[in-house]
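**Student:** In the order they appear, the protein sequences are chains A and B. 219 is the number that numbering that gives the first Met the number 0 gives to position 220 of the first sequence; each next residue is one higher, with no gaps. 76 is the number that numbering that gives the first Met the number 0 gives to position 77 of the second sequence; each next residue is one higher, with no gaps.
Treat the hints loosely; a few may be bogus.
No copy is singled out in the list; a pair is fine if it fits within one copy or between any two copies.
[What the hints assert, rightly or not] The calculated lysine to aspartate or glutamate pairs, modelled on EDC-like cross-linking and capped at a C-alpha distance of 16 Å, are:
hint, residue 1, residue 2
1, Lys227, Glu214
2, Lys62, Glu214
3, Lys92, Glu60
4, Lys183, Glu236
Treat the hints as calculated values from the structure; they're not laboratory data.
There are 2 protein chains.
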Amino acid sequence: METKELLDGQVSRRGLIKSAAGIAGVAALTMGGLGFLSGAEASKKGSAVLPFPYKKFTAAEIKEAGNIAHDNWFKGFCSFAALSGGVEILRRKVGKPYTSFPMELTTFAHGGTSGWGCTCGTLIGAGVLATLCAGPKTGEAINNEVVNFYATEALPIFVPDHPRADLKTQSVSNSPLCHLSVGKWMKKEGVGFLSPQQMDRCGRVAADMCMKTLELLNLLADVYFEPKTKAPVFANEIPSQNNCTECHGPDIPKTSGKFGTGLDLLKGGH
Amino acid sequence: METKELLDGQVSRRGLIKSAAGIAGVAALTMGGLGFLSGAEASKKGSAVLPFPYKKFTAAEIKEAGNIAHDNWFKGFCSFAALSGGVEILRRKVGKPYTSFPMELTTFAHGGTSGWGCTCGTLIGAGVLATLCAGPKTGEAINNEVVNFYATEALPIFVPDHPRADLKTQSVSNSPLCHLSVGKWMKKEGVGFLSPQQMDRCGRVAADMCMKTLELLNLLADVYFEPKTKAPVFANEIPSQNNCTECHGPDIPKTSGKFGTGLDLLKGGH
Numbered sequence: 000m001e002t003k004e005l006l007d008g009q010v011s012r013r014g015l016i017k018s019a020a021g022i023a024g025v026a027a028l029t030m031g032g033l034g035f036l037s038g039a040e041a042s043k044k045g046s047a048v049l050p051f052p053y054k055k056f057t058a059a060e061i062k063e064a065g066n067i068a069h070d071n072w073f074k075g076f077c078s079f080a081a082l083s084g085g086v087e088i089l090r091r092k093v094g095k096p097y098t099s100f101p102m103e104l105t106t107f108a109h110g111g112t113s114g115w116g117c118t119c120g121t122l123i124g125a126g127v128l129a130t131l132c133a134g135p136k137t138g139e140a141i142n143n144e145v146v147n148f149y150a151t152e153a154l155p156i157f158v159p160d161h162p163r164a165d166l167k168t169q170s171v172s173n174s175p176l177c178h179l180s181v182g183k184w185m186k187k188e189g190v191g192f193l194s195p196q197q198m199d200r201c202g203r204v205a206a207d208m209c210m211k212t213l214e215l216l217n218l219l220a221d222v223y224f225e226p227k228t229k230a231p232v233f234a235n236e237i238p239s240q241n242n243c244t245e246c247h248g249p250d251i252p253k254t255s256g257k258f259g260t261g262l263d264l265l266k267g268g269h
Numbered sequence: 000m001e002t003k004e005l006l007d008g009q010v011s012r013r014g015l016i017k018s019a020a021g022i023a024g025v026a027a028l029t030m031g032g033l034g035f036l037s038g039a040e041a042s043k044k045g046s047a048v049l050p051f052p053y054k055k056f057t058a059a060e061i062k063e064a065g066n067i068a069h070d071n072w073f074k075g076f077c078s079f080a081a082l083s084g085g086v087e088i089l090r091r092k093v094g095k096p097y098t099s100f101p102m103e104l105t106t107f108a109h110g111g112t113s114g115w116g117c118t119c120g121t122l123i124g125a126g127v128l129a130t131l132c133a134g135p136k137t138g139e140a141i142n143n144e145v146v147n148f149y150a151t152e153a154l155p156i157f158v159p160d161h162p163r164a165d166l167k168t169q170s171v172s173n174s175p176l177c178h179l180s181v182g183k184w185m186k187k188e189g190v191g192f193l194s195p196q197q198m199d200r201c202g203r204v205a206a207d208m209c210m211k212t213l214e215l216l217n218l219l220a221d222v223y224f225e226p227k228t229k230a231p232v233f234a235n236e237i238p239s240q241n242n243c244t245e246c247h248g249p250d251i252p253k254t255s256g257k258f259g260t261g262l263d264l265l266k267g268g269h
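Between the sequences and the hints, there should be enough to build the whole structure, so can you do that?
**Tutor:** As structure tokens, this is what we get:
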């Protein structure tokens, strides 16, 4: 069976997902076989099995999720905010199993994982939200789009109903890293870390990632979500961002040749 | 109330956690008030509320968790591996609510978050494991220690019962980033991405992070877990790693002064 066909069959439980580069990337990594249950098996197993039921959000509900996310930043920071913005409404709309899901479980991911400046916590919360509602494989395809959105758009976009600070600027991070994203924004805004402006900005970014995830889950529910972003792990033959020169300068290590040979596993015979 | 006292009261539900720099850092970020429930409230709410019950692992069980994590890398990659290594045994030892917890929900975090090379997925899976068993605040304190362990030790350490490849080398990443960690190790080992060696190495690293997390959860159960690592967000006044020159070269931006002023919020009156 072709990898593409295999993946289409596995991923498209909840809608038609056309094969695209991002999906092909995921497919390539699933050679070993992800041991997840089918939808039929899932229904027998209760809340241990993904995906949970999803009901489309209205435009008003997506905006409400953004406001909840922004408010919740001040209760549990960025990862909790992005996840809880969606889950609070799903608890109301769907009920179980969201009501028994511990939505504080990625709170540690704030500040780029316990403050280490790596993956922006909003993307971890948003990734869990996508995975809860779409399962691990489609959830990852959605998260890949959201990460690309995070790295390429001028943020924050969302204007909450109850801002805690007035913000002057948006900035493009070119990276999913908390350190680069918040650092570039603070420099452009002219404020420091833990300033009211920085905290409000990160609350708004949490809203942006929550809302983007819900928009893609809505597309999936409508059967026309189509992944468009090639995961950098395949573009660059190593897990990576696409802003290579920002750390490496002009001396970017080659990924083809000796240290790219691993990918030959995928090119031959699959 | 002093920030330190406030936090000691909130964090030490399951054991004596002496105030340390890492904890002080967490405390500082909780100014806004994390809206989590108390232990008494938790018992009424079922599986939506953290922490779940924890029972100490024996040395044999920790080793078994490592072997499960290593094996599970080949089913769902690094984040799933680090989380499921602990949860599979907790399902057997404790039962509910672990049996109804969807342990595939951070699978997307592999490859440094959907393949973007940021936070190593093992640290996301391990952070969720710590949070499930110790709650959001103590879970983060544990995760901060595990991230520091990841960044400073020569990895992988664990030798699984059923290795898929023979490995020659260990390497120190100096970073929690997937891209730097796996890149440095592949260069030292002389292999490529998705080579059998790289995949086995990442499975072993997942075991290492799962096991380190369980060791710290055991210490917490024994009432002598003491955080020792200052979260870089406070050491550097911005979410960050500690390998500044690896990306910045000698031109490291100052964090005191204009762009560090946010921390003055914490120094005055709290």
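**Student:** Each of the hints needs a verdict: does it hold here or not?
**Tutor:** Now the hints, each set against the structure:
Proximity of Lys227 and Glu214 under a CA criterion of 16 Å is satisfied intra-copy only: 15 Å inside one chain copy versus 42 Å between copies. In this homomeric assembly, Lys62 and Glu214 come within 16 Å of each other (Cα to Cα) only inside a single copy, at 11 Å, whereas the closest approach across copies is 43 Å. With identical chains, the CA atoms of Lys92 and Glu60 are at most 16 Å apart within one copy only, with a shortest distance of 10 Å there and 40 Å across copies. Taking identical chains as interchangeable, the C-alpha atoms of Lys183 and Glu236 lie at most 16 Å apart only when they sit on different chains, with a minimum of 14 Å there against 27 Å within one chain.
In summary, the structure agrees with every hint in the numbered list given earlier.
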